[in-house]
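Enquirer: Chains as they are written, first to last, in my numbering: chain A, 38 to 462; chain B, 6 to 484.
Incorrect hints may have been included.
[To be verified] Residues on chain B that point at chain A, a partial pick, calculated with CB under 7 Å: (1) M6; (2) F7; (3) D37; (4) T38; (5) A40; (6) V44; (7) F45; (8) G49; (9) D50; (10) M55; (11) P174; (12) R257; (13) G279; (14) E301; (15) S367; (16) G370.
Just so you know, the hints here were simulated from the structure itself, not pulled from any lab data. Cβ atoms here follow ideal geometry from the backbone N, Cα and C, with glycine treated the same way.
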Amino acid sequence: MSATSFQIIVGIVGSMTGALCALAYFRHVRLERPPIGAFNARDLAVLGCFILALPPLYLAVPVGVLTGFLAVTFMAALMIALRPLVSTRVLWIAVPGLLIANILETRSMNEFAGGLQIYWLLTTLIVGIAAVGIGNLYVQGGLQLRHIAWFTLFLAVCDIFFTNVVALTPLLAISLQGRPLDPSIGFAASGFNANVGLGDMLIFCMYTTAAYKGFGRRGALLSLFVIVVFGAVGPSVIPLLAPGLFGTTAAAFVPVMTVFGPAAFASYLWLSRTLPERSGAQWIIEQAARLDRSARGPRPRVGFALPAGGLAALALAVALWSGETAVSPSPASASPDAATKLESAVVMKNVAFSPRAAKVEVGDTVTWINHDRVPHDVVASSGATFDSGTFGQGEKFEYRPTRPGTIAYVCTLHQGMNGTLTVMR
Amino acid sequence: MFETGVRQLRLAISMVTGRPISARNVERLVGDTLATLAVFGAPGDDLQEMLDGPFSDPQARRAFQEQALRRTVRRLGRHSPYYRDLFGSIDLQAKGLTLEDMPTVPATTKAALLARPGDFIVDGARPHITTRTTGTTGQPVEVWLSRYELELWPALSALSGLLRGEIGPDDCMQINISSRATAAMSQNMAVCRLVGARTRPLGIVAVQESLKSLLSGADRAPTLLATYPSYLAQLVKLARREGLGPEDFRLRRVDCGGEVLSTALARAARETLGPVLVNDTFGMTEVLPVSGRVCEQGHLHHDLNMGFVEVIDLDSGAPAAAGELGSVVITPYFPYRECMPVFRYDTRDIVRKLADEELACSLAGTPATSQILGKADHLLRVGGHVVTPRQIVEACEALPGEPWPARFSVRAQAGRLELTLSQDTAGELTADEVARHIALDDRGLTAVCAVVDGPSSDVLRPLRADLIESTFTGEPARN
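Using the sequences and the hints given, assemble the complete structure.
Expert: Okay, here's the thing in structure tokens:
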């Protein structure tokens, strides 16, 4: 096996595992979001500034300070990612424990056989979970594929600059390896060592989930294809196909985004020409309906074929999903004889309808589920005539629109609690 | 998201430290909320705590209130001529002030505002616009507002309204309140501007004109109506007379204030205008921007973020006990009130105090009282019982037919109520039948009744719907 083959294998397994875990997380776990605020292009601009500032900072600061910075960053990222899945008490023990284990293992990895492999497994686990969680935070928080597509182009330019003009990236990649909390995933075997950076992993996770959110299954499949070909294989084979393209000092170092960025952008353009990108509100409606459906029957397994030999991150993630998660079945939907053709769900929580504006098709069954401890009702104020009567926590009301148009409805018990249904043909 | 976080942090720091709040910053948060709604269709998690504050914890509530009161006392003691004198005379110190000290501060009365209006304007303030109360108690109070207040209050209202779903860019608000109520009028218009909603500020014009406006514009017809209960009653009556029903209107909410809104009128409005939310709101020019919201169980929940609310005994001025009637006393906090602030202003609005543990509604975390029961000066004592204006209004407007807006006068005479109603209110009932009707179990009022018509109805209570403003509508065109 050559170094290139090893890099390709690690790249494919790592990037696919990350992307699929991010997708599974996106489908099954709902991250809390603040009452006001949605991620947008300006947030990516802020992220871009950090990305520009970090390489010189990494190289300039002492190892102890850098390790401290990385420890705080990973601590926050892991807490965000795992909080919906694990109880807070367990988190406060497990997350610092994982980080300390990584730091200690880094110091002693050369002292015993398999030390390097254990180092990579621990690092991969930490970085993988962080990438999945933070990628989801951005995408569930409102970021769309168009934002990410443009961002990958920006990163491609940055990578070219920091590789061919100011050769910071290769220097950084080399200098971070073997340090505590190296921000990358990777593996070592048979004398080979290969890795994928945290930034690239984060982009893969965001790209896949945003593609799925915006364009459904077609978007997800295309994004996975682009990641494998242009994110994992492409950067590894380019040095063979075009030696010297990325300069003499980094002849064998091709930053992933230089290849992935243009391809990701092109695939976004293609997707957006075939379908309009789905909004966050539409995704919320579909997610609520699907979660409600899945809560009725046996818990669904992760619906993707996972690559054999998945990394420890995947094992942990799957193990976590099978435990207590934020996706708890509502009492309302626990009965097995509940509606079989549920297309949309509106949650009544915090004395508000969520989503407030829902879009459904004629004939779809819309279900309002009361998650509040106070009773509510659902009364059409225009566009239809229905009145649910008052129903309490855990109970629900169903309505099936029969003609297109806009239906405005209110809870007559609570001032300001209102919503609309846009019924499409 | 990042910018929104910074703006929220700026707002939180201002609220906690008591520094002036940047209206521009709040306006930008309104823009962020609009963007959030456009992306997700609804605000995010933990909305309730953000809107109502962490006040379900009595300790946190107390700490916040004491800090805000000390800040307000410090500012008024330095900059308000009236309160400089008052606090000096009772040696009130901001440092160490506790809630228990509040009853020792004399309440500010309307008489004081009328007698020394200039002394309430703080040093260095730049009054921008005046707003006058309607003068229903005989003499109007003139309250000056600064540009800061005129910009800040609508921004905060727009933010709260958007998050609560009370207003949105697709709404159109028709305003049928007196054009002289400049604070309320400009506030409503500014809120609409900030959220991108349309506004129809009509004033108290002929009711036919307002009804026509409610119906015009098809899918752009008004969805929100701000008015007085008596004017709403006239609108509902006219709509019924013209055979209009729920399918003719697009309204989703009616905000009523300034008068008692009876249960019967609210029900009639829902029957005629559709399943709208008819809100009985509480606000008063002198204590703006502190307001109250009525929950689904009919409690009036007071705004704890912007002011301190007490209920005092009508006779002694001491804190009223749970279950007792009392007058609402409000202290708007600095920096929400800047130009002509008041401290412990006795609104003379009567409520019944509720114990915190009695609450089991959706706003149970926020202290509440009963709804406003009327003005203290209109309370009647009959045979050892107190009769509130709300009881009379509720009883009169529950008469058969369409008795709203109830026009009546009432007085306690020789241990009994003497109630005089207009013919419009009594409908086809005789005076005796009216007396029997209001004596029914659920109302329990025993009164001697009389029905009057014609000029003698001038002695009946004034209604805000009578503050009619002229237009040339319907007259021949004049060049």
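Enquirer: Take the hints in turn and mark each one as holding or not.
Expert: Hints, verified against the model:
1. M6: With a minimum Cβ separation of about 4 Å from chain A (threshold 7 Å), the hint on M6/B holds.
2. F7: At about 5 Å, which falls below the 7 Å cut-off, the nearest Cβ of chain A leaves the hint on F7/B intact, so it holds.
3. D37: This interface hint holds because 5 Å falls under the 7 Å limit.
4. T38: At about 5 Å, which falls below the 7 Å cut-off, the nearest Cβ of chain A leaves the hint on T38/B intact, so it holds.
5. A40: Result: holds, 6 Å to nearest chain A Cβ.
6. V44: holds, 4 Å
7. F45: Hint holds; F45/B Cβ to chain A Cβ min 5 Å, cut 7 Å.
8. G49: holds, 4 Å
9. D50: Result: holds, 5 Å to nearest chain A Cβ.
10. M55: holds, 5 Å
11. P174: Violated: closest Cβ of chain A sits about 11 Å from P174/B, beyond 7 Å.
12. R257: holds, 5 Å
13. G279: holds, 6 Å
14. E301: holds, 4 Å
15. S367: Check passed: Cβ of S367/B comes within 4 Å of chain A, closer than 7 Å.
16. G370: violated, 12 Å
Checked against the numbered hints given earlier, the structure breaks hints 11 and 16 and satisfies all the rest.
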